[in-house]
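Here the protein sequences come in this chain order: A and B. Each residue of the first sequence is one higher than the one before, starting from 1 at the first, in my numbering. Each residue of the second sequence is one higher than the one before, starting from 1001 at the first, in my numbering.
Among the hints, erroneous ones may be present.
Claimed, not checked - Calculated lysine-lysine pairs in the BS3-like style (CA-CA distance at most 27 Å, straight line): (1) B/K1059 <-> A/K320; (2) B/K1129 <-> A/K63; (3) B/K1111 <-> B/K1129; (4) B/K1152 <-> B/K1169; (5) A/K467 <-> A/K320; (6) A/K320 <-> A/K205.
What the hints assert, rightly or not - DEER-style ranges, computed between Cβ atoms: (7) A/R17 <-> B/T1003: 33 to 41 Å; (8) A/L244 <-> B/A1121: 52 to 60 Å; (9) A/L241 <-> B/E1197: 50 to 58 Å; (10) A/V329 <-> B/A1121: 42 to 50 Å; (11) B/S1021 <-> A/L244: 36 to 44 Å; (12) B/A1071 <-> A/F444: 40 to 48 Å.
Hints were generated in silico from the structure; no laboratory data involved. These numbers were taken from a predicted model, which means no experiment stands behind them. Glycine included, every Cβ here is placed at the ideal spot set by N, Cα and C.
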Amino acid sequence: MNPELQRYAWLELSVQRLILLPLVLIGLAIALPKQATSFVGLFGFLTLGVMWGVRAAFGAIPKEVTDRTWDWQRMSALSPWTMAWGKLLGSTLAPWYGALISLGIFALAGLKNSPISIGQIILFLVGVAVSLQAFAMMVSLQLIRQPGFGQKPGNRWLGVAVSLFFFFALVVPASVLLTEAIRHFFRKGNTLEINVYWYQINIGKHLINFTLLSLYLFVGWSLLGLYRSMRIQQQYTNSPLIWLLFVLYLLTYAAGFAYNWERFLFQNPLMAPEFGGPLQQQLFPKFVTCMPLAIGLVYLTMLIEPKDPVGFRKLLQAAKERRILDFFVHIPAWFINVALFLLLLVLTLWAAPQFLKLTPQGYNINLTIFLWTIFFFILRDVSLILWNALSPSSKNSDFISIIYLFLLYLIFPNILNQLQFHDLSFYIMPLNYHVLSRSTPPNFLTLLFSAILQSALFLALCGIRWKQHFAKAEAAPPPAED
Amino acid sequence: MITVEDLVFEYPTRRVLFGVSFTIQEGSIVALVGPNGAGKTTLMRCIAALVQPFSGHVKIEGIQTTVDPHACQRRLGYLSDFFGLYDQLTIRQSLHYAARIRGIQESDIPKRLLQTAERLALTDRLEQKAGELSRGLRQRLAIGQAIIHHPKVLLLDEPASGLDPEARKTLSRLLIQLQSEGMTLIVSSHILSELEEYSSHLMVIRDGRLRDFRPIRLEGHEHPRRLRLHLARPFQGLPDILAQFDAIQDTQIENLSAILFFQGDLDAQHRLLRHLILADVPVCALQEEKENLSELYLGPAPTPTRS
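The following block holds chain A by itself, in its conformation from the complex (with noise of 0.2 Å):
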């Protein structure tokens, strides 16, 4: 038995807690109406493995940090692998013990007309909980590497947050396919199909296996991500190419469902779309597909890695002494993210038709100019993250940026809104109603000068932290009174 799973049974599987578990879900089961007994079960997985699992998930590392068991622990003869999933399945004992009981409560009582059968549904679940509870317990063991977090119990509530935004992300697409394809069945009475294409390939058909083997995907991905930040913990080094390849992963699987929109904009004589050849035509939808996408992910390895100085430092340093090998292991995941983002940029500008009709005016957009400008805003606030992680006093840095972002796009924006100073607040925040809803279109290019400008500022504010920073890592301390 793996010594993790172990210790956890000797600790989390108490007498109490097995014969209680059981008896207030079956219980339950009985005393409620029958109509219910499924949804028992069904509340009860949601509930125990995955709101309860992704917590425990989340919150065993930084439990370890904060009762001083975890330096000891990293010094172990177990692997990375052996640790990782011994703490993962450890860690969630108690709560898969609840969940199994839930899953056969759920598998007992069946469902009546349901056009997925029980086993897929249960296949489905379980995938949701393994993959949220990998996540989950991957982002804790990043968030422990930045100072001061896990200190606080309440810091593990955080991780219950992320794991469910990232839930949202991931799994609502697919419920609102799967949901879609249900009303379908109970409307045309016997098929489930529906017409949804992934590279041109109808997988209305397959929805279901289509769905599994996503969500299966991910599970691996998400394995492999705990894994690696073990690694980190036990103090090996990881080469930025396997997060490179789950993001190419990632933006190949997106752009496959481009083919359900491109019909629209092709079709549509309002947009008039005039591409450069039949290449371009065919690639412009998939990367505009990814760009939401390879946005996002700069945010959230933005937020969760670890922007340490001393990393950045290490890090040039390499460059300097052209160790190539040390330099790529140093680069940050998020760095990786913006340069990826650059290359789909100028990739979506050379296959982007001349102009394109996005406004409900219809007035033309030139693509060049909104995309430099998205990516302005992007760079702005990259630096103003990084201006906050430099900062002197750095505990909690990341949330301070959150706040700062919050500020930018919702507050400020509003309040020039009210005070109807309307061209201002769109210059801080695109996406005004007051600005793209006028006949006239606004000027895009004093839109990009103020992102250069404002992304200007954030920088110049990093460089002078940057240097601050510098100067008082290398401070000789006072010659010692020998």
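Given the structure of chain A, go ahead and fit chain B onto it with the hints provided.
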């Protein structure tokens, strides 16, 4: 056994180790001392391969910690200053778990567990929960967890803090026993009198730099011994009489006592004493004096030496 070369370590807001270099021989007990914030704990964590230095290297038996941290950690035991235990586990479960995560074969665990418990005088408490133990017993259990895999190097950060005199004595005895079995130890502590009892070397860290590293317990005849001569009354001709002895390398003479740095065995010491008495020097006592760690630490530090 342990080689540290030009070690530099930085925290995000400051540099804490500035090019520290030294070599520790097998079987030494090194007393690591220095004021709070000097970099002692960071140095230990670098040696334990728990953190990666900004630059420089740490090698354990020739293996670089940044290249193969696992191989280094297999050779190491580490007890941090604020260690944690799983309060709900019994001593038996704690040691069993420690043995398993340290890679000991399942079949060897019962024997190793009992050996360790015996060595730490915990045999009669195996079924007691860690949360119910006194500070001293918790310390013993933590040391047991750190040594159950028979490491070649043991790093102890402030192991005696919070212990009563009896528990400290037990700890001293244990460390000497571990050294006699060939283990190399680095012990950081503020209680210098404690370290004096068992340390073979003194290492002083101040402001992130190595300020002193020297042997403090000199064995054999290659190093001069420190003899203190006590007089009943002041004696004018003492320097001339002492100068006749080649074995005396240096002297520090005060009013009623003198310190002699004496390079010779017990027979030579006897001859010196007889000569002093025959020369009518009012000798009260002549005894060997061990170097005082507090004096060494607080006194002027010489140029760092490599052991």
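Here is how each hint holds up against the structure:
For the hint linking B/K1059 to A/K320, the alpha-carbon distance of about 25 Å falls within 27 Å, and the restraint holds. Note on B/K1129 and A/K63: the hinted pairing holds, with a Cα-Cα distance of about 19 Å set against a maximum of 27 Å. Simply put, B/K1111 and B/K1129 have alpha-carbon atoms about 21 Å apart, close enough for the 27 Å limit, and the pair holds. Between B/K1152 and B/K1169 the CA atoms are separated by roughly 23 Å; this keeps the pair inside 27 Å, and the hint holds.
Only pairs whose Cα atoms come within 27 Å are accepted, and A/K467 paired with A/K320 is accepted, the gap being roughly 17 Å. For the hint pairing A/K320 with A/K205, the CA-to-CA distance comes to about 56 Å; that exceeds 27 Å, so the pair is violated. For the pair A/R17 and B/T1003, the supplied restraint of 33 to 41 Å is violated, since their beta-carbon distance comes to about 50 Å. With their beta carbons about 55 Å apart, A/L244 and B/A1121 fall inside the hinted range of 52 to 60 Å.
A/L241 and B/E1197 have their C-beta atoms about 53 Å apart, which keeps the hinted 50 to 58 Å range intact. Roughly 46 Å separates the CB atoms of A/V329 and B/A1121, a value that falls within the hinted 42 to 50 Å. Between B/S1021 and A/L244, the C-beta spacing of about 38 Å keeps the proposed range 36 to 44 Å intact. The hinted range of 40 to 48 Å is not satisfied by B/A1071 and A/F444, whose Cβ atoms lie roughly 59 Å apart.
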